[in-house]
Amino acid sequence: SQQGEEDPQALSIQEGENATMNCSYKTSINNLQWYRQNSGRGLVHLILIRSNEREKHSGRLRVTLDTSKKSSSLLITASRAADTASYFCATDMRIQGAQKLVFGQGTRLTINP
Amino acid sequence: DTEVTQTPKHLVMGMTNKKSLKCEQHMGHRAMYWYKQKAKKPPELMFVYSYEKLSINESVPSRFSPECPNSSLLNLHLHALQPEDSALYLCASSQGDLLIETQYFGPGTRLLVL
Chain A
47 SQQGEEDPQA LSIQEGENAT MNCSYKTSIN NLQWYRQNSG RGLVHLILIR
97 SNEREKHSGR LRVTLDTSKK SSSLLITASR AADTASYFCA TDMRIQGAQK
147 LVFGQGTRLT INP
Chain B
1194 DTEVTQTPKH LVMGMTNKKS LKCEQHMGHR AMYWYKQKAK KPPELMFVYS
1244 YEKLSINESV PSRFSPECPN SSLLNLHLHA LQPEDSALYL CASSQGDLLI
1294 ETQYFGPGTR LLVL
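Protein chains in written order, with this note's numbering: chain A, 47 to 159; chain B, 1194 to 1307.
If you are wondering where the hints come from, they were derived from the structure by calculation, not from laboratory data. Predicted model, so just to flag it, every value in this text is computed and none were measured. Think of the CB as a built atom: it goes at the ideal place given N, C-alpha and C, for glycine as much as any other residue. A hint or two may mislead.
Quick look at which bits of chain A chain B covers, simulated, 3 or more residues with Cβ under 8 Å [what the hints assert, rightly or not]:
no.	stretch
1	61-71
2	99-106
3	113-121
4	145-158
Below, simulated BS3-like cross-link-like pairs (lysine-lysine); rule was C-alpha separation at most 27 Å, straight line [what the hints assert, rightly or not]:
no.	chain 1	residue 1	chain 2	residue 2
5	B	Lys1233	B	Lys1246
6	B	Lys1202	A	Lys146
7	B	Lys1202	A	Lys72
8	A	Lys116	B	Lys1234
9	B	Lys1234	A	Lys146
10	B	Lys1211	A	Lys115
11	B	Lys1246	B	Lys1211
12	A	Lys72	B	Lys1231
13	B	Lys1233	A	Lys146
14	B	Lys1215	A	Lys115
15	B	Lys1215	A	Lys146
16	B	Lys1233	A	Lys116
17	A	Lys72	B	Lys1215
18	A	Lys115	B	Lys1246
19	A	Lys72	B	Lys1212
20	B	Lys1202	A	Lys115
Computed from the model, here is a short list of chain A residues facing chain B with C-beta under 8 Å [unchecked claim]:
no.	residue
21	Leu94
22	Arg126
23	Thr130
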């Protein structure tokens, strides 16, 4: 299975602190994406990092990718209550010309005011 | 318009009922997806339509029947479901012809099978 594993499964921090989530995967990838899901809602794309990139930034988000270790991390700086959500990494593969995303187990992040 | 819409938001059905979930996007995307998500679990891919043709069926039971009437619409027909099919059903779309794609998700339909 190419499925990613994420840790921690749950993370609770105080508002203003930084939150770091990790993702590991098993097979070679083209790219790795991070998505956020608020409780019971659809997923929102956060950031995509290509296999030849090592680090990428978007606002308060920083993603790193280590293909030699088959791992990625998502750092959210200066966390806010609105960042409370589940965060999933997703790796992709092409099958018959179509894209298949395989999601990790997710990290449930709680930001305490 | 960068939105994927899904109807209904909630659905309760008996095991003998027939119902349909609907998904719509007007972003000109040519790939559309159905996912199933159980509580506290990641989304699991069910079906992928690429250019209105079924490209991927992840060995989904035949009680789930997808349909893509046109490039903007995706349906999921439900028949004789089991209680374990209760879940959040998510629709997504992507441009469909890029090597690296971002998927846009709808808000989901929360299904309860009694």
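Here is how each hint holds up against the structure:
1. 61-71: The restraint on the stretch 61-71 of chain A is violated, since only 0 of its residues have a Cβ under 8 Å from chain B and three are required.
2. 99-106: violated (count 0)
3. 113-121: Violated, because only 0 residues of the stretch 113-121 of chain A bring their Cβ atoms closer than 8 Å to Cβ atoms of chain B.
4. 145-158: It holds, with 9 qualifying residues against the three required.
5. B:Lys1233 with B:Lys1246: Violated, because 31 Å separates the two Cα atoms, which is more than 27 Å.
6. B:Lys1202 with A:Lys146: 25 Å, holds
7. B:Lys1202 with A:Lys72: 35 Å, violated
8. A:Lys116 with B:Lys1234: Roughly 22 Å separates the two Cα atoms, so the pair holds.
9. B:Lys1234 with A:Lys146: It holds: about 17 Å lies between the C-alpha atoms, which stays within 27 Å.
10. B:Lys1211 with A:Lys115: Distance of about 47 Å is beyond 27 Å: violated.
11. B:Lys1246 with B:Lys1211: 23 Å, holds
12. A:Lys72 with B:Lys1231: Status holds; Cα separation ~23 Å.
13. B:Lys1233 with A:Lys146: 21 Å, holds
14. B:Lys1215 with A:Lys115: 41 Å, violated
15. B:Lys1215 with A:Lys146: 21 Å, holds
16. B:Lys1233 with A:Lys116: 24 Å, holds
17. A:Lys72 with B:Lys1215: 34 Å, violated
18. A:Lys115 with B:Lys1246: 37 Å, violated
19. A:Lys72 with B:Lys1212: 38 Å, violated
20. B:Lys1202 with A:Lys115: 40 Å, violated
21. Leu94: The hint holds - A:Leu94 has a Cβ within 8 Å of chain B, the shortest such distance being about 6 Å.
22. Arg126: Since the shortest Cβ distance to chain B is 22 Å, the answer is violated.
23. Thr130: Status violated, d = 15 Å.
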